[in-house]
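Q: Protein chains in written order, with this note's numbering: chain A, 27 to 438; chain B, 27 to 438; chain C, 27 to 438; chain D, 27 to 438.
One should not assume that every hint holds.
Note: identical chains are not told apart, hence a pair may lie in one copy or across any two.
[To be verified] Once the Cα atoms are required to be at most 16 Å apart in a straight line, the calculated EDC-like pairs of lysine to aspartate or glutamate come out as:
| id | residue 1 | residue 2 |
| --- | --- | --- |
| 1 | K306 | D170 |
| 2 | K230 | D331 |
| 3 | K30 | E83 |
| 4 | K332 | E315 |
| 5 | K306 | D121 |
| 6 | K306 | D114 |
| 7 | K30 | E69 |
| 8 | K132 | E107 |
| 9 | K229 | D366 |
Simulated from the structure, these hints should not be mistaken for laboratory data.
Number of protein chains: 4
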Amino acid sequence: MSVKETVEVTGHLMDSGILSRILDDIREYGGDWVITNIDVGHEAAHTSTATINLTAEDDESLQRLLMRLQTRGVNQVHPGEASIAQADRDGVFPDGFYSTTNLATKVRLEGRWLDVENPEMDCGLVVDLENDTATRIRTLPMSDVRADMWVVTGAAGIRVDIPVLDKGSDFGFMESDVSSEKPQAVLVRQVADGMREAKAHGKKVLWVGGPGVVHTGAAPAMVAMVDAGFVDVLFAGNALATHDIESSLYGTSLGVDLSHGHGVEHGHEHHIRALNTIRKEGSIRAAVESGVLTGGIMHALVKHDKEFVLVGSVRDDGPLPDVHTDVIVGQRAMRGALTDVGFCLMVATMLHSVATGNILPASIPLVCVDINPATVTKLADRGSSQARGIVTDVGLFLEQLARELVPDYRRP
Amino acid sequence: MSVKETVEVTGHLMDSGILSRILDDIREYGGDWVITNIDVGHEAAHTSTATINLTAEDDESLQRLLMRLQTRGVNQVHPGEASIAQADRDGVFPDGFYSTTNLATKVRLEGRWLDVENPEMDCGLVVDLENDTATRIRTLPMSDVRADMWVVTGAAGIRVDIPVLDKGSDFGFMESDVSSEKPQAVLVRQVADGMREAKAHGKKVLWVGGPGVVHTGAAPAMVAMVDAGFVDVLFAGNALATHDIESSLYGTSLGVDLSHGHGVEHGHEHHIRALNTIRKEGSIRAAVESGVLTGGIMHALVKHDKEFVLVGSVRDDGPLPDVHTDVIVGQRAMRGALTDVGFCLMVATMLHSVATGNILPASIPLVCVDINPATVTKLADRGSSQARGIVTDVGLFLEQLARELVPDYRRP
Amino acid sequence: MSVKETVEVTGHLMDSGILSRILDDIREYGGDWVITNIDVGHEAAHTSTATINLTAEDDESLQRLLMRLQTRGVNQVHPGEASIAQADRDGVFPDGFYSTTNLATKVRLEGRWLDVENPEMDCGLVVDLENDTATRIRTLPMSDVRADMWVVTGAAGIRVDIPVLDKGSDFGFMESDVSSEKPQAVLVRQVADGMREAKAHGKKVLWVGGPGVVHTGAAPAMVAMVDAGFVDVLFAGNALATHDIESSLYGTSLGVDLSHGHGVEHGHEHHIRALNTIRKEGSIRAAVESGVLTGGIMHALVKHDKEFVLVGSVRDDGPLPDVHTDVIVGQRAMRGALTDVGFCLMVATMLHSVATGNILPASIPLVCVDINPATVTKLADRGSSQARGIVTDVGLFLEQLARELVPDYRRP
Amino acid sequence: MSVKETVEVTGHLMDSGILSRILDDIREYGGDWVITNIDVGHEAAHTSTATINLTAEDDESLQRLLMRLQTRGVNQVHPGEASIAQADRDGVFPDGFYSTTNLATKVRLEGRWLDVENPEMDCGLVVDLENDTATRIRTLPMSDVRADMWVVTGAAGIRVDIPVLDKGSDFGFMESDVSSEKPQAVLVRQVADGMREAKAHGKKVLWVGGPGVVHTGAAPAMVAMVDAGFVDVLFAGNALATHDIESSLYGTSLGVDLSHGHGVEHGHEHHIRALNTIRKEGSIRAAVESGVLTGGIMHALVKHDKEFVLVGSVRDDGPLPDVHTDVIVGQRAMRGALTDVGFCLMVATMLHSVATGNILPASIPLVCVDINPATVTKLADRGSSQARGIVTDVGLFLEQLARELVPDYRRP
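Just chain A, same shape as in the assembly (with noise of 0.2 Å):
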């Protein structure tokens, strides 16, 4: 064990738990640390910084162990100058590659600091490069680089921050633990304060949805907050869409009769019909337009113009003309809707979710809703910090936020 290093970190570390994990991660990868400076004597409020010599066994390890520790808004007390390598074939970084966090992050070379331009996890960074000097650095995604794009290779020149929460705000203080044993109706309210901020401040609330918001009964709820101004831009995948279009057509969802409350399992002629029937009239907008399709979820994006982003699936029947088949060209077109985003809701669905989460900067606040704890952990888990879950019934969980949002919702 004989590479050494000096990093350091800022924020709420005594009450964020934040450096517990930064340790457990140091000694994960086989790393060794002493702490030599914390930051003590200033009020609760205030962040600290501490500063820690971590040891590796070697270069490698400790080229690994830094870029982990930056997921963790860990940097190099002397960072140095950033190394670039030219990609030598597309789709394959150069090896060493630097892997990205999702937060701000500011890269050094030839002794300035550029910002990259759309922090994003696990991409690499690509430098363009005039007459020798950079002018922009910006992340991109393995299947996008393209040989002789000049790539940020090892740890050293890069900068993170981490976003401090605001605990003085009501959405800031939202728990991050994840129990079905809470007082939803708060974290109601504390959700719609966070979209109500965002619109205060001119940014788009993204939702991201699963078939569940159709089965639940939610869509009335939905289609409200659309017409209300706060539903922006719409991740899903080929259900969501083929299930709201079903029932606007049919009365059912995947063959549940949803003003009953009773169902078939699968009724499955019903949405594969309703895809044939959007597929006749080229898209949803077309069946929109041509009056196929008069009410739902997709209904009302279209007739407030509103952004949509459907992604295939295997599991997809049909799809609707409306959804990228190919899971890459649609990661691309969801990236491409993120500009000015300012608030994420999840909601049902742990697959979009996970693809949204892997693109979102992490300073866009970020609740998931779902009634299995599972899919609300594994956001977390996957790296998105500043996700908040709540465990809850997705339809009745809709249905109080409509309330809340749009002071005259009244479920049909």
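With chain A's structure known, arrange chains B, C and D on it following the hints.
A: Frame of chain A, contents of chains B, C and D only:
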């Protein structure tokens, strides 16, 4: 295989799945069957009757199979006369005692059919004799039998009747399938209908609740329903009452600050102090009367002179002075409070739900609400075939139920 | 209500619950019924036939009901002749197209019954005509239909057959109930029997797996079963393969150190580096051949020339070069790999299990293993009525299965 | 806010998350803090000490906060002398009584520190006085206090010590995270190591079990571990013992035929008859001695003269004659059996796990195994901070544990 018997069953045999469960039972018990007759030709709404020839290995197997089948409402075509035997010690039934179902039951003794007074599953049938003539037959749990009591043995001379659900009524139409992907708002309305129907017939509404009622912030909703007369009897443990009282005294429940939704995991001294406070007063009623306890569910029950039965468990702290620490004594108190109950709602408790399911006649409609599907299915598996389950968030469910039942209810 | 039709169904009607599901369907679809005949009088092991008179509101409702009932194996007594219509554009079926089941299906055209080649649910039936005579009928998913193809419309002229489970065989006897409170060791043996039976008949064993196979430490057990010839085809996503390869390259899976059982939540750079490494090699096979990949499940499959189909999802990083990023192309590849499959085991994946259930004929035995009961019940709810579920720990289950199937297997 | 106090805590503050939980508690209790000192500069393996200045609104709040913080191992720098007060009636503590933690505790009276004899959470501290001098201090539950006993009040004069986990040992290194996606086979080995270590130090192994042990077919594995000396004490309810005995007498458990894995949902008369049979014998031991009970877990415990404490619950049938029907009496019996316990394994029971967690000192290692993550997390939330959880299949886990602990164990 040489012992045979002919049995029959009447009900919605075709569309309730009951016939397949009957035949599964026969197979499980090592028997064999030939269906010799089923009514056909009539409308969907009518009941049918099936006649089945059973074969079993020996008489003991046959007797057990017949008892088992009675839990499904299957009777012998030629029931004959019941046999009785005398218990020879306290707390022990005679060998071969008839083990009861929770169905309406008749016993034939000396040519007369007598009604069993209080159907309850897993009991024995005790016969009161006057001058060698049976005057009364009632169920009795094993622990309550006394030496010299006369007890029915074997399956002969016994008839049961399955309640026929009215599939036309809104409540009767409630599905037995358990799923969190159901439009729960519709189910709320069906439960409200069931309660209103019971009250309209002069019956009582029994609630069985766990501490989750308080943790999820639903106490104000439940208080509103107590005030409005929709809670006549409450069965619970030490936990619901203690957390309710803790919440009234300190504004927390198990350390969760209910108005902000965040909390320490276990604010232990609050619940311990709440227990000590009530123990000092002597009882919950005394604490209400002395002005120590001024709000919450237990306060509302006392104020309206509603009955509650609290039965302890091995994990209890305290407990409250009103808690039956002897579980057998507690079961007796619960039995005593079942008179005139016409609807039962179980919320957020597996232990007390199963306990209540054990003693409740099958004729009383029963809805079980929990966020954990296992709680909901357990009940039906244990023999409460009339149970309907709703997998949802308890707090939001009770909030909606209060809005449905109490027109002017507003969340405080 | 004036449209009528007479249908019949043959099977273990009495003891399988199938009849009640049929009658539920009729009610859900707004129809009515009179059962005019049921076979009685024979032994438990024999199948029965029921004849049912249906009434529906109008012809369209009737056609839908008839299609729905065919998913249960119900056929018209007088099926008549099938109608066909031409698709008038790519990817869209003609109005009123017949929506398929996954049951063995026959179509009557010009007085002759033709077998449908590859039963699959939620498809259309495409008829190949030569000189106006049908020579071949096959299922085709909506996205693959081309303009001018002839497609069966309506429910006339179609017969399906439900597979009759042999309740005498050990595997056939496996229960459809899902519970974690079952003696799982017995179920392991039943699954092993099902696999051995398939292999004895010269059939292939298809595995469908999620990343949990690797996280739970079961990769060595699965490798042993690949080596022993019990894994002929694998369907999975990017995650299983990446975590397996990550584990071989670095000894971790998603950051969990598999030999100590503890882990960082998301050791992100490991899996990203594993992806980059294989992308550099060009394919998994190339990585095996170049000596870069020397162990794990994917290595074992390559070594034994076993087939694997990896289909991407929207949450994928990378992905591996072998992954189909277009899900429709991926579905086609899966269909292509179903030939000669005689048993299917699904482990730790809801997405790929449902996707496989969608394309698998009902005649192929299917077992789904997951620690989450919802995954297991979802499959049956989606129409894979032959599915048997086991709720258990995936890692320990595969460990036991390897001990059962591979006599000299020892955990490394 | 004018009341202040200085506290300190020693332990693995940096890498255990304990510091953030302490600061969370202060915030929850409405207090404020300044950290005035933390040890830095030493190696990862060493413990640190932090000094914290607390501010609270008033003295009552401060006393409660200090008691709360003691559950985390936080002590006053200047503890002063303890106060005592006399209980003035049976079963009620004096106002302001000190509510205990499950940590090793000392009380300072008249200048001397006395050790508390049996640390247990949520109790009072009773002081035995001889000639006005304290001779002994012990925890006592609220229900056992008697008028005139001397009880410690307030938080002054009390010190607690948190156990320092040896992160070097295999067992100590076990993670506190709960997940079903862990390599469970590794965890089996760590549990086996923990048991062997306890036995090597002459300590007893305590098992706490639910009926799932029997339903999942694990009884033979558990019997093998009883035979091999790895089960010294068993805490359970009526259900585990009854189903175990039912299984020995009839080969079923709650109607599930354990050798075939299928079952009726509730083969009610079997368990009722098993209860009657043992009640007739008078006790489980009597049934073993008379030759009525010849196999199973309870038989093995009797045969090896191992202790078991069965405590009843409100859902019990019967119960067995050995069951304590009064839960307070049952708790006392459990406390009496804790002597020399050095390891505790909890399997498949939430009720008895929480009950045991309530009375177990924090110094005894504790592992909780259940397929339901909620059971596992509940325990830690209730204050058993030493609890380690494993989410897995109980049957397969015990099977593997038996293979690990009993070299010649073979599944029958």
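Q: Confirm or reject each hint.
A: Going down the list of hints, with the structure as the test:
1. K306 with D170: between (33 Å within a copy, 14 Å between copies)
2. K230 with D331: within (13 Å within a copy, 51 Å between copies)
3. K30 with E83: This pair counts as within: shortest intra-copy Cα distance 9 Å, inter-copy 46 Å.
4. K332 with E315: Within one copy only: 15 Å inside, 50 Å across.
5. K306 with D121: So K306 and D121 pass the 16 Å test across copies only (10 Å; inside, 48 Å).
6. K306 with D114: between (45 Å within a copy, 10 Å between copies)
7. K30 with E69: So K30 and E69 pass the 16 Å test across copies only (14 Å; inside, 33 Å).
8. K132 with E107: Only inside one copy: K132 and E107 sit 11 Å apart there, 56 Å across copies, limit 16 Å.
9. K229 with D366: This pair counts as within: shortest intra-copy Cα distance 5 Å, inter-copy 55 Å.
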